[in-house]
Amino acid sequence: MGSVIVAGLVSGSIYALIASGLSLVWGALGVFNFAHGVLLMMGAFAAWWVSDPAGLGLGLFAGIAASLIFMLAAGSILYALLVRPWIGTPAAELTVIMTTIAGAMFLENLALYTFGARLKALDQIVTGTVTIAGTAMHAQNLLVIILAPVLLCSLALFLKLSKHGLAIRAIAQNSEAARLLGIKVERTYFITFGVSALLAGIAGVMIGGLFNITPSMGNDPLLRAFLVVVFGGLGSLPGTIIAAYVIALIEATSSYYIGIYWTPVVLFSVLIAILLLRPNGLLGRSSS
Amino acid sequence: MTGNKSIIEVRGLGKSFGSLVAVDDVSFTIGRGEILGIAGPNGAGKTTLFNLISKIPFGPDRGEVVFDGRRIDRSKPHEIFRLGLARTFQKETTFAKLTVEENIRLAAVYGGALRGSELTSAVERALDILDFTRLRAEPAATLPVYETKRLMIASATVTAPKVLMLDEPASGLNSVEQADLHQLILRLRDEGASILLIEHILPLLFGVSERVMVMDFGKKLLEGPPSEVARDQRVIDAYLGGQAMESADAP
Amino acid sequence: MRLDVSNLRSGYGRVEVLHGLSFSVDSGTAVGLFGPNGHGKTTLLRTISGLVPATTGKIVFDGKDIAGANAEAVVDCGIVHVAQASTLFPRMTVLEALTLGAYRKAAWPHRRTSLKKVFSIFPRLAERRSQHCRTLSGGERQMAAIGVGLMGMPRLLMLDEPTLGLAPKIRQELARQIGLVAQTGVSLIVVDQDVDLLLGLCPRLYLIEKGIVALDIQDRNELKHQDIIQRYFGSAA
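Residue numbers (the numbering used here), protein chains in the order written: chain A, 1 to 288; chain B, 1 to 251; chain C, 1 to 237.
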């Protein structure tokens with residue numbers, strides 16, 4: 001039982017990080033970034049290439065630092081090429097879905113070409129095992145379980161209290177009124193996308209340390225994140241975070257007791273049931 | 001007492017949102033063919049009162065609403081409309097891409113379940129009473145403020161409701177339009193509707209209402225003829241400020 | 001803080017709404033704009049604030065032509081536009097919305113003082129400071145929108161129908177407060193249907209009809225309300 005909870009918390013933390021990034025961009029820019037998964041993958045590969053002897057061999061911490069910087073750059077370029085040209089146009093939502101899917105396919109294949117398909121892994125930040133309340137777990141798992149909520153709380157506090165956080169929320173809720181306050185909408189879009197890319201990269205590094213790194217590693221997490229965002233309620237960050245952990249725990253419990261094969265069935269059944277009761281997601285609101 | 005002189009009887013109506021009491025034990029009646037004005041400071045609960053009676057978007061927590069002899073506080077919103085109680089809203093509720101005539105027709109077909117010749121004559125009647133024959137084919141999106149409000153009223157009255165609840169229809173109108181609205185309300189009353197009017201524009205409120213009910217902090221403060229209400233010190237303190245006297249006397 | 005608008009043309013897509021409009025606001029004075037609905041008053045404010053691009057013409061504020069500047073730049077100059085019937089930020093609290101009102105660089109350091117001032121003008125907002133904007137009544141939202149505008153410490157404040165939906169007592173109080181704001185040297189443009197309000201507040205009125213200035217009332221004593229209504233609304237009825 002204990003190991004199920006640990007597995008659920010670890011996955012939940014990762015899903016929450018990924019989904020929060022998606023939710024931010026959706027809320028502020030009104031578009032859905034299908035390249036979010038490859039951003040995750042690029043974060044992992046960047047960390048790997050800088051840290052691993054097969055690449056630059058500079059060690060893990062250099063790798064993580066480089067990855068974070070790289071994510072900000074990659075996010076900016078992605079935003080400029082695939083998203084910004086279409087913001088404000090009538091079919092922005094649909095167009096950006098197409099452009100980001102295209103970008104995702106391109107980058108995934110680029111990674112395949114550059115790094116090859118062989119599985120790689122990142123060194124763990126902390127090694128060894130830890131036992132809490134009678135349950136043994138990898139120290140890295142514990143790190144993820146603690147670090148993700150800390151990051152997410154910081155994000156929530158940033159949105160709630162800081163000037164730029166308020167600006168991001170303002171644009172999401174009434175972009176014209178936001179402009180009339182002097183909020184630099186363009187720059188805020190940029191910052192939001194950057195934060196989103198950073199979150200994706202961190203998730204990538206975590207997954208890389210716990211599991212494997214492959215060019216297609218971002219696909220499944222993206223799908224899960226999509227579920228999380230819809231289930232938690234579009235535009236609601238608290239809803240997204242709660243949904244992430246709920247979905248992860250359902251997955252972990254179902255995998256352990258019923259088997260991995262049936263887990264998607266269980267998961268989707270639960271989601272469908274909840275959406276029937278609350279069509280806008282757990283904490284979502286109807287579109288206004 | 002069955003009270004068949006009154007078309008609506010509201011008894012002890014209440015609604016709370018958590019610890020905020022929006023409407024607190026409000027009771028009143030409105031007679032057939034009467035025009036009742038509802039006034040009060042911003043946030044007093046006037047629109048919430050309309051919401052509770054029409055059950056759009058929610059009904060009351062406590063109390064009863066009796067409409068033409070039957071209780072409606074348990075009924076569904078569309079049933080209430082079919083029974084003959086219609087309302088307008090503060091914000092714009094027209095369908096922008098449809099024409100004036102299509103908007104009115106929509107209300108008659110879906111709200112009133114009218115068909116065939118009954119439908120056509122109801123729509124023509126509404127266009128006539130609301131002065132829309134010239135504009136019938138104009139898209140609703142192109143209508144200026146007053147015409148938009150008239151369209152909302154037309155959609156609400158196409159089914160010849162027994163009670164019409166108007167929520168601040170005069171806001172944003174200039175004095176000529178306000179005078180026209182005054183006449184329109186009287187015309188609607190003459191066609192057989194009792195009217196509840198929430199309004200801040202005092203010349204209209206005091207000019208067209210036979211009785212005025214004032215709300216404050218969710219409660220009914222008092223009720224009476226306009227001239228009395230306008231002179232009441234509590235109303236002056238809470239709501240009217242210094243303008244009281246002139247507005248009540250001006251027709 | 002003088003504003004001079006000359007021969008301004010603007011509109012939406014292919015529909016021109018302002019057909020060469022010219023008017024001015026002397027530094028530290030209040031100007032009232034009235035006229036039939038749909039004739040360009042709101043479009044004029046939106047063109048000045050940068051939401052609608054000017055096709056041709058000049059908007060000179062404090063010596064600088066800001067026609068064509070984007071909304072953010074216009075706000076940075078100290079021009080604050082309080083839009084008509086704004087829904088504000090539904091999921092933010094009143095306090096958060098007010099704080100955001102001080103976003104522009106010059107206003108941000110003074111936000112605590114500004115907040116106190118706004119709460120003294122609108123005590124109701126202080127009561128509701130932790131409530132979400134969407135739970136406010138129409139009139140309360142109106143007060144909040146004006147409060148948000150004041151938080152920006154404007155040099156020119158443009159109010160689009162500020163008394164819309166407000167109870168009589170609040171309307172009078174608001175008129176008084178706007179008058180106080182005008183006295184502090186802030187230039188003011190007020191658009192409203194309540195001509196009495198404008199006459200009480202503004203030494204100069206402009207009637208805007210069909211996208212241009214139809215009448216420039218330089219001395220409000222020269223015309224009474226009744227005359228205005230009779231002469232300029234009577235024909236439109």
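These are computed hints drawn from the structure, not numbers from a lab.
It is possible that part of the hints are untrue.
To be verified - Keeping only pairs whose Cα atoms sit at most 30 Å apart, straight-line, the calculated BS3-like set for lysine-lysine is: (1) B:Lys219 x B:Lys5; (2) C:Lys105 x C:Lys58; (3) A:Lys163 x C:Lys64; (4) C:Lys210 x A:Lys160; (5) C:Lys58 x A:Lys163; (6) B:Lys91 x C:Lys210; (7) B:Lys91 x B:Lys76; (8) B:Lys97 x B:Lys219; (9) A:Lys160 x C:Lys58; (10) C:Lys117 x A:Lys160; (11) B:Lys97 x B:Lys5; (12) C:Lys105 x C:Lys116; (13) C:Lys105 x C:Lys117; (14) A:Lys163 x C:Lys105; (15) B:Lys76 x B:Lys97; (16) C:Lys210 x A:Lys163; (17) C:Lys210 x C:Lys105; (18) B:Lys162 x B:Lys91; (19) B:Lys162 x B:Lys76; (20) C:Lys58 x C:Lys116; (21) B:Lys162 x B:Lys5; (22) B:Lys97 x C:Lys64.
For each hint, the structure was consulted:
no., hint, result
1, B:Lys219 x B:Lys5, "25 Å, holds"
2, C:Lys105 x C:Lys58, "26 Å, holds"
3, A:Lys163 x C:Lys64, "29 Å, holds"
4, C:Lys210 x A:Lys160, "45 Å, violated"
5, C:Lys58 x A:Lys163, "33 Å, violated"
6, B:Lys91 x C:Lys210, "25 Å, holds"
7, B:Lys91 x B:Lys76, "22 Å, holds"
8, B:Lys97 x B:Lys219, "40 Å, violated"
9, A:Lys160 x C:Lys58, "40 Å, violated"
10, C:Lys117 x A:Lys160, "23 Å, holds"
11, B:Lys97 x B:Lys5, "42 Å, violated"
12, C:Lys105 x C:Lys116, "19 Å, holds"
13, C:Lys105 x C:Lys117, "19 Å, holds"
14, A:Lys163 x C:Lys105, "11 Å, holds"
15, B:Lys76 x B:Lys97, "28 Å, holds"
16, C:Lys210 x A:Lys163, "41 Å, violated"
17, C:Lys210 x C:Lys105, "37 Å, violated"
18, B:Lys162 x B:Lys91, "23 Å, holds"
19, B:Lys162 x B:Lys76, "18 Å, holds"
20, C:Lys58 x C:Lys116, "37 Å, violated"
21, B:Lys162 x B:Lys5, "13 Å, holds"
22, B:Lys97 x C:Lys64, "41 Å, violated"
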